[in-house]
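Here's the letter readout for the chains.
4 protein chains.
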Amino acid sequence: MDSITFATDRGLDFVAIGRLCIDLNANEINRPMEETMTFTKYVGGSPANICIGMSRLGLKTDFIGKVADDQMGRFIIDYLHNNGIGTSGITTDRTGAVTGLAFTEIKSPEECSILMYRSNVADLLLAPIEVDESLLARSKVLLVSGTALAQSPSREAVLLALRYARKHGTKVIFDIDYRPYSWASLEETAIFYHLAAEKSDIIIGTREEFNMLERFDDNAEHSDEVTAAQWFDYHAELVVIKHGKDGSIAYGKDGSSQRGSIFPAKVIKTFGAGDSYAAGFIYGLMQGWDVSRSMTFGSASASIVISSHSCSDAMPTVEQVEQYMLASRKA
Amino acid sequence: MDSITFATDRGLDFVAIGRLCIDLNANEINRPMEETMTFTKYVGGSPANICIGMSRLGLKTDFIGKVADDQMGRFIIDYLHNNGIGTSGITTDRTGAVTGLAFTEIKSPEECSILMYRSNVADLLLAPIEVDESLLARSKVLLVSGTALAQSPSREAVLLALRYARKHGTKVIFDIDYRPYSWASLEETAIFYHLAAEKSDIIIGTREEFNMLERFDDNAEHSDEVTAAQWFDYHAELVVIKHGKDGSIAYGKDGSSQRGSIFPAKVIKTFGAGDSYAAGFIYGLMQGWDVSRSMTFGSASASIVISSHSCSDAMPTVEQVEQYMLASRKA
Amino acid sequence: MDSITFATDRGLDFVAIGRLCIDLNANEINRPMEETMTFTKYVGGSPANICIGMSRLGLKTDFIGKVADDQMGRFIIDYLHNNGIGTSGITTDRTGAVTGLAFTEIKSPEECSILMYRSNVADLLLAPIEVDESLLARSKVLLVSGTALAQSPSREAVLLALRYARKHGTKVIFDIDYRPYSWASLEETAIFYHLAAEKSDIIIGTREEFNMLERFDDNAEHSDEVTAAQWFDYHAELVVIKHGKDGSIAYGKDGSSQRGSIFPAKVIKTFGAGDSYAAGFIYGLMQGWDVSRSMTFGSASASIVISSHSCSDAMPTVEQVEQYMLASRKA
Amino acid sequence: MDSITFATDRGLDFVAIGRLCIDLNANEINRPMEETMTFTKYVGGSPANICIGMSRLGLKTDFIGKVADDQMGRFIIDYLHNNGIGTSGITTDRTGAVTGLAFTEIKSPEECSILMYRSNVADLLLAPIEVDESLLARSKVLLVSGTALAQSPSREAVLLALRYARKHGTKVIFDIDYRPYSWASLEETAIFYHLAAEKSDIIIGTREEFNMLERFDDNAEHSDEVTAAQWFDYHAELVVIKHGKDGSIAYGKDGSSQRGSIFPAKVIKTFGAGDSYAAGFIYGLMQGWDVSRSMTFGSASASIVISSHSCSDAMPTVEQVEQYMLASRKA
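Chains as they are written, first to last, in numbering that gives the first Met the number 0: chain A, 0 to 330; chain B, 0 to 330; chain C, 0 to 330; chain D, 0 to 330.
If you're looking for bench data, these hints aren't it; they were derived computationally from the structure.
What you are looking at is a predicted structure, and each value in this text was computed from that prediction instead of being measured.
Hints may contain errors.
Note that the list lumps identical chains together, so a pair holds whenever it fits in one copy or between two copies.
[As the list claims (entries may be wrong)] Derived DSS-like pairs: lysine-lysine, alpha-carbon spacing no greater than 27 Å straight-line: (1) Lys329 to Lys166; (2) Lys166 to Lys198; (3) Lys329 to Lys139; (4) Lys166 to Lys59; (5) Lys244 to Lys166.
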């Protein structure tokens, strides 16, 4: 796969749809959360992180989502705005919903966990009528994060955004982003992930996430090739399957495949690796780079974020990624 | 459109998925329900009626659905079985759900209404894992009734059945069958009806139902032609739009269109007209008849049912339809 | 216990609060419901039956409740009105709730069962602000049926009605009337039944119902005496414990106790026995009769109803009860 | 009112029932929360604060409640244990509920607000069967915090605890503690607060809280005397009505009344004032002090807490309160 072609007549590079949350990261780390006494607040949520990453890399971005009518919601909008992200597509809930929270626990670089607050969250209340078709018509890319499919009406809002994107030739990138909370059952997850993937041009997920999506398909041996192949009958041009420390593999509609490896890093925590990878990788594709070079850029970006305390706030600039790659090559 | 081609290597002609209910029809009619003192019990629900109609017409049929674990549920299974319909695809709820009820009120042939009991009904609890893929692989046709998309997990069960049907080359007939209860919003309805229609070979609905489905599309003038055209880009071969007393119009993928008119009838009530039309029409298509002849057969079938007290129980045999057409021509 | 004293300065004899439903009684009996094809519609629900019974016996009655905004709801109001029961305390739901249904199955006089429809029913939506304090201030008696405590806001409406009744010296009669549906747990049932009993002057229930109510009390041997004794520390003057075919026993605050026996009857079905007993018994007490005579009158009333097809519609007049007692004595 | 008599044969002084939460207090204060970047974690919730206060004052205490099965829940149990509070009455939720959170915003000492997370919280899942009767039988006092009445099954657990306390002669102190979230309606609040107050020996609340409780009573002018008087017909010995900066007034069953005033303080935030007042006041009563002296001790205790960053952690010892009163008198 040489490269992906994006629309050229668009005022926006990138629009993400979905979760806008707050991360509360432990200040005192390498211990159980019971012993952590103070937390620092960051904007979080996978599509928010990726969008912040894209903006940090210099692209023109916007966001479709919903925030709570409280201090956390206003902080999120302020932060996005201050980071150059358009917020015209973000609505504010008026039903008393809250902002999703993720308290991070870092017992050791290998032992990280998250304590989630996802009951009655504003982001899952995004409604179809709140999806601005014109924003999607003006953007080169729509990024869909799978978690936004977990509940109604956010689920329907995403399904409608997918229809609008296809109608306007906006490239759809689907980041599976599976989180067990919010979903009613594994069957439901499989069915809606499948529907979203059917309408996507680029699909990114871990091997485990693709297994989930294939629950009702025939791929008992969890073959990457079988996984990738089925999507080319729909709209996919590129399917990226991530294997953690073993790197990732990208399959193209043309039959090509590329392996990507990871960069060494002084890991503080593993959170945010996938989001910064996605930001770097998509940035590369949108520069017209080939898949292989884009994967490398994504990996370097990921390594920077896992060496930092936050996810969103640590998203690197192009210069930082290039410097990191240079330094790694020398080491 | 000359005719539709169905798979020939199948043991079953027809499988319907969705609602299995009880109709409680007023015995004393032409008065408000307040004054009706006794009711007669029938099997009801649009896909059940159509399936009973298909069986009455001599086809080999089966049903995918869920019934309550009570006397009403057992009555439904017994009735289907006694009418030659396979019931292996019907599961029984174990959570205490009830059977949906429809009390009919017949104030006059023109003024009919229904009082529905649809809270906590068993039919909407059909789960994806209860959808028997082999049944769909063995059938020529899958009939989907839109009401089954109204709530989870029945919604996901239908979405999965659609996937299985497409996988196995089973012809999908989508009867929109819009009922306002059960749905959370008009937007949600539009989105899921659209998803089902995208995967269907034949789509049948009233003009009002297509308007609902097109809520997020560009067809402000509600043009039948515009409506039909959009589906041929997906999988549709035939789109039938019904205009009540003004008959119906069928558009083929080949650009053809056919108008169908209605037969005169001594109307007792209007309930069941759509279901008996669908049964007769699909029967015709499956005989290899052209669209026009099939529409005529459907119309005659509808006229028989609206002249009777029940819906399901009044579904005619081939002989009865032929006789009715003959008698009408003479009159 | 000689007799109970009621307020004398009241314009109303009796107000009931709670369930207003529809019974659909099998017309073809002595068979399973699967084989019953037609049903007859009656007003039902324990407090409705008792109130109809009281009105049939000549008392001035009113009702506090809520009906659905449909044909069934209007039928109920019409029926009560036509039977001389005040309906000013009955409100109409506007949220789309339905009327509770009870399909009766009569396999044999000994094998009767009920198929209930109790999801989203209007009667459980009665709200505290809809409880008319002046109605309670004008009545000699408030009858509370336990089922109305099963869910909010009906639960709170009943708790408020109890407060108003105590405030105005209106005699509270609590008919436990336990029905397993609607309640979240046995513990919840026990707690709210206890709260209602604490505020009641007369408590009526079966031995099994009192066991339920005593779940957190010390009466492991289910002694009737222990049961009765605890309520005299609150407001009770009379506690009636029913033992089915073995008759009932009434304990007075003064230490007295009376046994009541049942009358012979040509039983069609057992439904309605408790309600007609309650109507007859309360009628007797309100005539100033002693407990024993009142129990006898209640038993005769019960025997009449179980010999009939309906519950509410079969409630006897004073003359019918007296005639029945006379005939029984001769036999 | 000279003094209140408590049982003398008890192994425990004080058991509280209800909310166990986490406070996340802004580290950077005197600004809107949008600009607060770090938060410090404390145990919170009104009954938890009071119980910690009582333990700090040297009493033998225990707690009946429920915590989430997560790091926050374990932190709460550890903290209580380390502060000498018995935790045998605290159960752990196994349904995936979370710990309630309260983010505090301190714009200025006068402008404080709280952002609550109360959806799906473990504390409201305390069930009746989890209320240990023997703990209540062994304690001199049961403290009920009104918020625990907001939802089932915690509501029923509290109603049962009240019954057990009355049965065993355990003094019931009801702190109204009204919080608008969690409750379905003002009517529901009024009804359950009334039921709890009916069973209480000492009732404490602000004027606004008593207004809420009296929604269905006759006290249009919100008279403190009328408020207090109605409870002496039930079980109350003492009713304390708080008027914020204007101090409080306590009415005794004997007709006496006492006014209490507040101590000067260098206020950081107003949170926790009521809880520390309650702890100091109840402590005084349990020492056999008269009402007036107890109120003074409570006021001093409150002033200490509002001069500190936290609520629970700032609860003073007897020595600290005495020193504070001494210093205030000199100033």
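Here is how each hint holds up against the structure:
1. Lys329 to Lys166: neither (47 Å within a copy, 52 Å between copies)
2. Lys166 to Lys198: For Lys166 and Lys198, both the intra-copy (11 Å) and inter-copy (17 Å) Cα distances are at most 27 Å.
3. Lys329 to Lys139: neither (36 Å within a copy, 65 Å between copies)
4. Lys166 to Lys59: Close inside one copy (21 Å), not across copies (40 Å); limit 27 Å.
5. Lys244 to Lys166: neither (38 Å within a copy, 35 Å between copies)
The structure is inconsistent with the numbered hints 1, 3, 5, although it conforms to all the rest.
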